[in-house]
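This note's numbering applies: residue 26 is where the sequence shown begins, and numbers increase by one.
What the hints contain is simulated information worked out from the structure, not anything from laboratory work. Treat each hint with caution, since some may be false.
[To be verified] Calculated lysine to any residue pairs in the SDA-like style (CA-CA distance at most 20 Å, straight line):
(1) Lys84 x Asp61
(2) Lys70 x Ala27
(3) Lys84 x Tyr156
(4) Lys154 x Arg110
(5) Lys36 x Ser182
(6) Lys143 x Thr102
(7) Lys157 x Ala88
(8) Lys98 x Ser161
[To be verified] Label-pair distances were calculated between CB atoms; the ranges are:
(9) Met41 x Tyr170: 14 to 24 Å
(10) Val103 x Glu40: 15 to 25 Å
(11) Val62 x Ser182: 16 to 26 Å
Just so we're clear, the structure is a prediction, and the values are computed from it rather than from any experiment. All C-beta atoms in this analysis are idealised placements derived from N, C-alpha and C, irrespective of residue type, glycine included.
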Amino acid sequence: MAELARELGVKITYEMMETVKGYNEHLSLTAEEETDVALELLELKSQGYPIANSSAYFKALAAHTKYKCHVPKVLVTVEWDGAIRVCSTIAEDNRPDLMEYSLGNVVRNTFREIFASKNYLKYIEAAEKCYKCDLSYPREIALIYSFNSEAIRNFFSKITEINLSKL
Numbered sequence: 026m027a028e029l030a031r032e033l034g035v036k037i038t039y040e041m042m043e044t045v046k047g048y049n050e051h052l053s054l055t056a057e058e059e060t061d062v063a064l065e066l067l068e069l070k071s072q073g074y075p076i077a078n079s080s081a082y083f084k085a086l087a088a089h090t091k092y093k094c095h096v097p098k099v100l101v102t103v104e105w106d107g108a109i110r111v112c113s114t115i116a117e118d119n120r121p122d123l124m125e126y127s128l129g130n131v132v133r134n135t136f137r138e139i140f141a142s143k144n145y146l147k148y149i150e151a152a153e154k155c156y157k158c159d160l161s162y163p164r165e166i167a168l169i170y171s172f173n174s175e176a177i178r179n180f181f182s183k184i185t186e187i188n189l190s191k192l
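Kindly generate the complete structure, drawing on both the sequences and the hints.
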């Protein structure tokens, strides 16, 4: 895929496959396989392949570094009906503690009201204790929040490319 991305002149983001308990967890990589894949992708990135993930992300993945999730502070998922929902990992792990799976609705509430609600603040607290997600963006956001220079540089290089392409 990295070679194809290079040929097409595009960047590629690598994601760990998200597994769901009782559904496809048998497809999960072992810790050793995860380390091997992360190191191989880090090597490809160092060779100049157009990989959008930061080097810091692959290093953290290879080392199985736990992280603090800051996703609810940065982005939300708005469903087709206007509902803002918690992520499935947090919903599964914290169901009794979260008042509702839905945190509000942008059709009925302002973002300010939703973000200031007790449920949203509980969601942030629950997320900060979570490190289970295999998706790259929670880990990349955590690296940026921890002031990891590689992750910050990688993030701002993407923004610069986008802004320059509009000129």
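To see whether the hints hold, each was checked on the structure:
As the CA atoms of lysine 84 and aspartate 61 are separated by approximately 11 Å, the hinted pair is consistent with the 20 Å bound. Restraint check for lysine 70 and alanine 27: satisfied, since their Cα atoms lie roughly 9 Å apart, inside the 20 Å limit. Distance hint between lysine 84 and tyrosine 156 is fulfilled; the C-alpha atoms sit about 16 Å from each other, no more than 20 Å. Distance check on the hinted pair: lysine 154 and arginine 110 sit about 18 Å apart at the alpha-carbon level, within 20 Å; holds.
Under the criterion of a C-alpha separation no larger than 20 Å, the hint pairing lysine 36 with serine 182 is consistent with the structure, at around 12 Å. Distance restraint check for lysine 143 and threonine 102: the Cα-Cα separation of roughly 18 Å lies within the 20 Å cut-off, and the hinted pair is therefore satisfied. Restraint check for lysine 157 and alanine 88: the C-alpha separation of about 14 Å stays at or below 20 Å, so the hint holds. For a cut-off of 20 Å, the pair hint linking lysine 98 to serine 161 stands: about 16 Å separates their Cα positions.
Hint check: methionine 41 to tyrosine 170, Cβ distance near 20 Å, so the stated range 14 to 24 Å holds. Valine 103 and glutamate 40 have their C-beta atoms about 21 Å apart, which keeps the hinted 15 to 25 Å range intact. Valine 62 and serine 182 have their C-beta atoms about 23 Å apart, which keeps the hinted 16 to 26 Å range intact.
The structure agrees with every numbered hint stated previously.
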